[in-house]
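**Student:** So the chains spell out like this:
Protein chains: 2
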Amino acid sequence: MLDSLFKPRAVALIGASTKELSIGNVIIKNLQRYNFTGQIYPINPKAPDIRGIKAYPTIYDVPGEVDVAHIVIPPQMVPQAVEDCGKKGVKNVIINTAGFKEMGTEGEALQNDFVERGKKYGVRIFGPNCQGIINTDPAYKAYCDFTFTYPKPGHISIVAQSGGVGAVIMQNLYDLDVGMRMYASNGNACDISIPEIIRYWGNDDETRVILLYVESLDDPKYFMDVAYEVAAKKPILAMNAGRTEEGAKAATSHTGGLAGGKATDLIFKKTGILAFNDAQEMCQAAVAFASQPIPKGNRVGMITNTGGPAIIATDELVDGGCEIPALSEKAISILKKTMFEAASINNPIDVVATAGAPQFRSAVDVMMDEEHIDSVYINFVTPPFVDCEAVAREFAEVSKQKRKPIICNYMTDKAQWTETTKILKDGGIPCYDFPGTAAKALVALCRYDALRSREKGQIKYFEDCSKREVENIITNVKDSGRNILSAQEVYNILDAYKIPSAGWKIASDIAGAVSAAEEIGFPVVIKADSPEVIHKSDVGGVAVNLKNADEVKSKAGEMKNKFSVKELNFFIQKYHSGGKELIIGAKQEAGLGHLLMFGMGGIYVEILKDVSFELAPVTTVEAMELLSSIKMAKLLKGFRGEKGVYIDGAVEIIERLSQLVTENPSIKELDLNPLLAFEDRIIVVDARISI
Amino acid sequence: MLDSLFKPRAVALIGASTKELSIGNVIIKNLQRYNFTGQIYPINPKAPDIRGIKAYPTIYDVPGEVDVAHIVIPPQMVPQAVEDCGKKGVKNVIINTAGFKEMGTEGEALQNDFVERGKKYGVRIFGPNCQGIINTDPAYKAYCDFTFTYPKPGHISIVAQSGGVGAVIMQNLYDLDVGMRMYASNGNACDISIPEIIRYWGNDDETRVILLYVESLDDPKYFMDVAYEVAAKKPILAMNAGRTEEGAKAATSHTGGLAGGKATDLIFKKTGILAFNDAQEMCQAAVAFASQPIPKGNRVGMITNTGGPAIIATDELVDGGCEIPALSEKAISILKKTMFEAASINNPIDVVATAGAPQFRSAVDVMMDEEHIDSVYINFVTPPFVDCEAVAREFAEVSKQKRKPIICNYMTDKAQWTETTKILKDGGIPCYDFPGTAAKALVALCRYDALRSREKGQIKYFEDCSKREVENIITNVKDSGRNILSAQEVYNILDAYKIPSAGWKIASDIAGAVSAAEEIGFPVVIKADSPEVIHKSDVGGVAVNLKNADEVKSKAGEMKNKFSVKELNFFIQKYHSGGKELIIGAKQEAGLGHLLMFGMGGIYVEILKDVSFELAPVTTVEAMELLSSIKMAKLLKGFRGEKGVYIDGAVEIIERLSQLVTENPSIKELDLNPLLAFEDRIIVVDARISI
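For the record, the sequence lines run as chains A and B. Everything in the first sequence is counted per the working numbering, starting at 459 for the first residue and increasing by one. Everything in the second sequence is counted per the working numbering, starting at 459 for the first residue and increasing by one.
There's no promise every hint is true.
If several chains are the same, the list does not tell them apart, and a pair holds so long as it fits within one copy or across any two.
Computed list of lysine to any residue pairs in SDA-like fashion (alpha-carbon distance at most 25 Å, straight line) [unchecked claim]:
id, residue 1, residue 2
1, Lys-549, Leu-1094
2, Lys-610, Thr-876
3, Lys-549, Glu-1083
4, Lys-1089, Glu-1039
Just so you know, these hints were derived from the structure itself, not from any lab.
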C-alpha cells in the first residue's frame, strides 16, 4: 500500500535551500503554496529556517515521524542519506537527484547501493531522477514535486515515466479546467514502480480514469498482471512513445527498459488499456472519460447549428470506426413538429443557427430515445442572437440523466460566454474547441467500448503435444554447444506439436537418399544436413523439385563432393508447389514471452510489410485476429471466385505454435517460412529454430 | 478589386433592429465594439436610432455614399432591397439572410432574381446565407459580420466556405494570441467568390499567409488559375472537408458545389496549396508560417531540457518525413565545452533540466551553424529553478536573425511564467502546448518547402497524335445515338494516339475471322462485336486463347448461332498472357477536366485499393509520380532479382492518354483495363470508352 507516500502527514526535504532558484527551495514553496495539510521539515545543516519554516540540521533532529523525505543533495551523498532515513524510520524517500543508472555504470553502482540500504531498513524509494508525487485530495494537498502546475481536485490520476510529458499532461488538464486526482512521475523507478502505482489507484475510489505515459516497461509480466486487474475496474488510457524506429531508439537510450514499441502496444490491447499516439488526444479523451458514461456501441447521433463542422466531425467519426445511422420514422415525425422550417431533419440534425433551447432540447431528446443511437455529438456555435445559456441548460439537464455520452464541440469566445461556459462545465459536458478534436474524444469512448466488450476467447490446450520431447531435443542442442537447430531437430519439434510439415526423412549416404526419396514420393527437395554447412541455399546445399531417383543421386553426389565435412547427412523432403505462401514466426521478448507474427509470404511481406503481431499465448479469437488483420486477409478467405485457404488449419497452427513457445521458453526464435496454404491443408515447407 | 468591400468607409444595415438578440442589432454592435473607423447607417422604417446611432427609414435616406450594405431582412424582400441598393449606388451588399439556393428551387429563383438585379446596377454581392467580412487594419477596423471573436491585427487572412469552421479558426488564432489580417465567409457565394477573395489577398502585402476552408469548388478551373498565381507569392494553407464517403456526402448536400473530395486535394497539390486534414493542425501551422522562414530542407535539429517530449517529437517528425541527422564533429566539440556534464550531446541535444541561458544559447547557435540542419525544434519546460526569462531572451535573439525556422514546444503555466511567455511571443517564436503539436507545425513548414521546391516538369506534347481522327469517331458515335464506343472505335482511338494495344482486326464473317486470326498470329481472342451484344463476357461473346484456325472457326460459329443480331462482326485480337496487369483510367470531373487513375490490376486494386490519382494534363514528372506512388511500385521497378516492367513505356502511355482526354473533352470515361506490362513493352489488352 502506498498510502504513506500519497497521503503523507509529514514531509522532510534533505537538501532544503534558501536559494529561490533551487529544487531544495521550490519543493518547500510548492508544499506551502498548495496548502499541504501536514508537517514540513526542511533539512539543512546551517540555515535556521527555510521560507519561514524551522529547519533541522539532520533528519535525526526532526521531532516527529516522517512519511516522505525528498532527497535533493548530490548523487554521491544519496546512499548515506537513505541510510539515515532508514535509521530515522522514514517510510518513503523521493530521490529527485539525478546522476544514477541513467548516467552509466558509476551511477548504477550508487543506485544499487542506496537500493540495498533502503531494503535493509524497509524504506520505500521513489525515483531517483524523478519529479515526485501530487495528491489533490483536500485532506492532504500533498505537492511533493518541483513542477509548477497546481491542479484542482478531480478524478483523473496521471503516472508518467517522463516528468516532462507528465507535466505537459497535467498542465493541459489544468488549462482545460479539468480536475486531477493524483500524479506520479518516478524517473528511474528503482523500487516503487509504475504497476504498483496503477494498482494503488485501482483501489482509489476517487480515481475514475488513469492516464499512463511509458517509453518502455521494466517488468512487462508484472505490468500485465496489474493491467488486467485494474483495467477491469476503470479505464486506463495510455501512450507509448517510440513508434518510429528513431523514436524507439531515443526511448531505449532514455530509459533502458525491456519491452518497448510494438510489444507494449500489444500488452495494452491484450490487457484492455486504451492506447493513444498523441498526448493531446489522450488528454482530450480523458476529459470525456472522467464525466461521461461509456457508449454501448459505435452509432453516433449528431446535432449541429452550423454545417461545416458537422462535415469535419463526420469525417473524423467515420475514420475512427463510428457510424452515423439514419433516424427512425418516429424520430423524424417528432422533429418535423419541433424544428424550424430551414432545419435539416436527418442525422446530423442541423437545427440551424437561429435554433434556441426548445429546438436543441428536442433534438437531444430524440437522440437519447433512438434505440439505435449510442452517443450524442453536438456542434454548438454560440450565435450572438440566441439565448445560449438556455440552450446550455438543456444540454446540462440531459447530460445529468447519464443515459448516453454527450460530447460537445463548443465554438465560442469563453471570455464573453462565461455563463454559458459555466453551465456546460457544471453539467459535466466535455467541451472541445474543434470539431475534429471533439470527434476524436468520442471515437476514444467508442474504441474503449469495443476494447472492453470484445470477446477474447479461450486459450486452447492441445493434449497431443509432447513438451518432453522438445525439451530433450533442446537439451541435446545445448549440450552440443549450438544455438541453431538442425533440420531434423526442427521438424522433430514440429512433429512433437503436430504442426503439419512436408514429409521428410534423413539419410546418411547417397543410396539412402535415393530410397528415402522413393519412400516419400517424387518430386523431392534435398538439403545438405550438417552443422558445418550454413546458408545452405547460397552454397549449393539445396536442390528442389527432383523428379526421379537419377536426379536425387546426381544432386546428392554433387553435394557429397562439394562439402568435405566430417558428417554429411541428407535431409529429403517432399517437394510441394502451388498454394499461397504464409509466414508464421515467434520471437522471444525479454521479460515478456513470445511475440507471434503472421503474414503472407513473398512480395506481400517484402513490399507491403503486411504482417500482424500478437503476444503468446493466444486464444482462438486472437489467433483468428492475427490472421484476419493483415491487409490481404480477403485473399486467404477466398476472393472473386478463387477458393480461399484452409483458415481453420492456419488458426490451429498458430495456436499450436503459441503452445510450443509458451511451454518451451528457451526457444528464442522460430520461423515457419514459408508454409504453403491450400484449400484443404496447410503445410510447413521450411522452418528454422534458434535457442 | 475588392477594396470597397474590405476597406469600407460607410456601412449600412438594411434590417437594423433594436432587439439585442437579433442579427440586425449584433452587426451594429460589432461595428461599434470593434471601433469601425467609417460611418454606420442603420436602416429601419420605424426606429429613430439603433444602439445610439441615427437610423434611416430607407437606404435612399442615407446622406452619404455606402460601400457595404448588410441585408438581414426576410428572403422574399431581398431582391427589392438589392434593387434599392443598386439605385442608391451602394457598391457591395452582404446578404446575411438565408433561405435561398441552399433551400431548393424556390430559394434558388429568389437568389437568381437578386443576382440579376445586382448585375443590372453593378452592385457586387457577398453571400447570401453568410457571415460577412472582417478587416483588422487599424485604418478600417471593419467588422461586417455577426460573429463574436474580435481579432487583433496580424498577417493571417482566413476565407471559409463554412461560417462555423471560419469562426472556429478565427477563435483559435485569437485564443493562441495570434493576430489576423482579414476574414471572409461568403456562404452561397453567388457573386463574389473564394478565388476572387484569394486573388485580392494575394495582392495585399500585409497578408502573409492565407487559410482556406472549402467543402467543394464551384468553378474548379478558375480556382486553379488563381491558386497557381497566389500560391507562387505566399503560402496558402487549406483544408478540404469530406475525405470519407459519408463526409463527402454531407459536404455535397451542404454546398452543391462541383469538385469535392479527391479532386480538390489534387488541385491543392498541383497548384502548390498545402493541404490539411485537421483544422486545429492548420491553425497551429499558420502560426509558424506567419512568423518563421520556410526551411530549406527536412533536416531538424532538436534541443530539449526533458527526455520524454523529445521522443514524442521524434516520432511525429519522422512520421512526417523529417530527418534528425547526427551532429558534425565540430558541433560536438563545441558542445562538449558548453554543456553540463549530464547533458546528452547528440541530436537531440538534451541540455538537461538545470540548463540556463548559456547552455541553451550554445545549443541553438550550434544548430544554426550546422550546414546539414534546416530547422530547429526546441522542447522547453520551464523549471522553477532556472532563470527562464534569460533563456527566452536567447531564443528571441536568435529567432530575429531569421536564419532557420525555430519552433518551440513550450511547457509551462503561462499564468505564472508571464514574462517568459511575453519574451518568446515578442520574439516571434511559435509556441505550442504539446511536443506532437509543435512537431506537426514544423512538419507543415517542411512539407511546404517540399511542395514549393518540387520539380514539376513539363507537359510533353506528342505531335504524332491525330485529334481529328478521334473527333471523327466521336462524332459518328454521337450521330448513331450511342454513348458507349465499339471495340473497333476504341482501338482506333488508341491507335490515333499511338497507345500500344494488342494487334486486332475486324471480320464480318467466320471465314474472315479465321483469316484475320492467321494474319495476327495465334493464339487469339475473338469477341462478338455488335452494339446489341453488351456485357459480352457474361453472355459468351468472348473466347480467349484460341490456338488455331479450327478453334476460331468453332467459337465464331457458336457466337453466330447464339447472337441473332442484325449486324454481327468479329473482333479478333492477339492473345497475350503473362506480364503484370496494370490499369490506367480517365474520368471527367465536372468543370475541371479529367482525373487520371493508375493502379496494378487484379487483387492489388480489388483488395488493396492500390491506386493513385492525378489531374490531366500531366507533366512527365507527374506521370512518373502517378506510377511511383502506388504501394506496389517496387514490384514494377523490379524486385528481388525479378526484372521490372517497361516503366518509360508506362509513363508515355499515361502522357498520351492525358493528351487524348485533354484534347477530346467529350470523352467521359476511358478505361485501359488491363494493360499487360512486360520488361520491354506494355500493351493494352482491353479497353472501354464512353462519351
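**Student:** Should Lys-549 paired with Glu-1083 be assigned to within, between, both, or neither, using CA atoms and 25 Å as the limit?
**Tutor:** Answer is neither: 47 Å inside a copy and 65 Å across each miss the 25 Å cutoff.
**Student:** If the cutoff is 25 Å on CA atoms, where do Lys-1089 and Glu-1039 land: within, between, both or neither? Let me know, please.
**Tutor:** Both ways: Lys-1089 and Glu-1039 sit 15 Å apart in one copy and 20 Å across, limit 25 Å.
**Student:** When no copy is specified for Lys-610 and Thr-876, does a C-alpha distance of 25 Å or less occur within a copy, between copies, both, or neither?
**Tutor:** both (19 Å within a copy, 21 Å between copies)
**Student:** Within, between, both or neither: how does the pair Lys-549, Leu-1094 come out at a Cα-Cα threshold of 25 Å?
**Tutor:** neither (59 Å within a copy, 67 Å between copies)
Of the numbered hints stated above, those contradicted by the structure are hints 1 and 3, listed in ascending order.
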